[in-house]
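Please take these sequences and the hints and turn them into a complete structure.
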Amino acid sequence: MPKIRIGLIGYGGIGRVHAGAYRAIPFHYGLPADSITIAGVATTRPETAKRAAEEIGCSTFTDDFRQLLARDDIDMVDICTPNNSHHEIVLAAAAAGKHIYCEKPLALNVAEAEAMAQAVRAAGVKAQVTFNFRFFPAVMRAKELVDAGFLGRVFSFRGRYHRSSYIEGDKPMSWRLQRDVTGGGALFDLGSHVLDLLYYILGEFESVNGTLDTLIRERPAAAGSAEMARVDVDDIALLQARAADGRLGTVEISRMGTGATNDLCFEIFGQRGAMRFDLGDPAWLHVYDARDAEGPPGVGPGFRRIEAVSRYDGQRAPDWTMTPDFMRSHAEGQYQFIRSIWEGRATSPSFDDGAHVQKIMAAAERSSELGTWVRLAEL
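First residue of the sequence shown: 13, per the working numbering; consecutive thereafter.
Honestly, I wouldn't trust all of these hints.
[Stated by the list, open to error] Here are the computed lysine to any residue pairs in the SDA-like style, where the Cα-Cα straight-line distance is at most 25 Å: (1) LYS15 to GLY326; (2) LYS183 to VAL243; (3) LYS15 to MET339; (4) LYS155 to SER219; (5) LYS62 to ALA45; (6) LYS15 to SER362; (7) LYS15 to ASP325; (8) LYS183 to ILE26; (9) LYS15 to SER360; (10) LYS155 to SER322; (11) LYS15 to HIS40; (12) LYS15 to LEU81; (13) LYS183 to ASP244; (14) LYS62 to ASP75; (15) LYS155 to THR335; (16) LYS15 to GLY109; (17) LYS155 to THR333; (18) LYS183 to GLY109.
[What the hints assert, rightly or not] Label-pair ranges, simulated between beta-carbon atoms: (19) THR335 to GLY24: 21 to 31 Å; (20) ALA241 to ALA160: 45 to 55 Å; (21) ARG133 to GLY181: 38 to 48 Å; (22) ASP182 to ALA160: 49 to 59 Å; (23) GLY314 to ARG28: 37 to 47 Å; (24) GLU100 to PRO44: 33 to 43 Å; (25) ALA104 to SER168: 23 to 33 Å; (26) VAL321 to ALA235: 35 to 45 Å; (27) ALA241 to ASP290: 30 to 40 Å; (28) GLU390 to ALA235: 21 to 31 Å; (29) GLU59 to GLY314: 55 to 65 Å.
Bear in mind the hints are in silico, worked out from the structure with no lab data behind them.
Just so you know, these numbers come straight off a predicted model, no measurement behind them.
Every residue, glycine too, gets a C-beta built ideally from N, C-alpha and C.
Right, here's the structure in full:
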């Protein structure tokens, strides 16, 4: 397999996660240490680019991402920048013939997302969105069971993603609270993840009835500042959703979930069974089989835990019996993308998948404005 040389664009918190995950891939799959390397890094300032290169261990750094795109020793780019830069970077990378791995959400809006998906198709390059929660083994097992018909007819679904990251009113403004940078608030930041999981497992959405609200409408413009700035994105989003086949579900998204650190869960209820996944207990998928009328002797029917732990196809090391973690899910997503380059196969989640999630979020925003259901086909 040819070596993959990565240009990392952006090096904030998630950029560090991506860098660490790339370094871990060879240990999980028995690959040579130099088979996957970060060959260059770009940030917005020379001094931060230099520090990033020192941490990563690469010699190429720049404050202009276009310099990475011009290099022959860069095969793919990984975009870890704020949402408002994704569109520009993706179009430039596609034109330069680079494969593209891009953080979620894909874009600021549906038009940008669809243009990005079209650009990578036209350029013939591989492209994938970083919806890393797909790559927890228990989630992958849930997808397999639904596809195999374990649940029978699916009646309904429920998803939730709560964090408590903005409950303090004196927490200052950041780029995540500015619509012109992010495109949206909790819905885009957290909701894109849980909406993608439900889409991945159950299929396309048809329509959404959503209510979005901003609970703290002004925050300090900067740490320690007396000047206040207006928050123009949502803190909370409550959605009813209808899938393309008609089944109904609810989705709750909040950055104001007091006591929640990273509370992502989903439940799916069917005629023959049900299942639950909780990110706080990621080694297991909880399933109920309605055909098992008696259950264990003397106990009766109920939910049971299916062991998932760190079972990934082809993994050689380290110990698969250990509980999976956040960085491991990133490493698996990155590895599957790189395999798509090596093997010439389709990527998943693709930019078309990212564009569909973008439509779900846009429908939720419009629904909140109009006070009625909005079909994705109307966007």
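Hint check against the structure, violated hint numbers in rising order: Per hint list: 18, 25, 28 violated.
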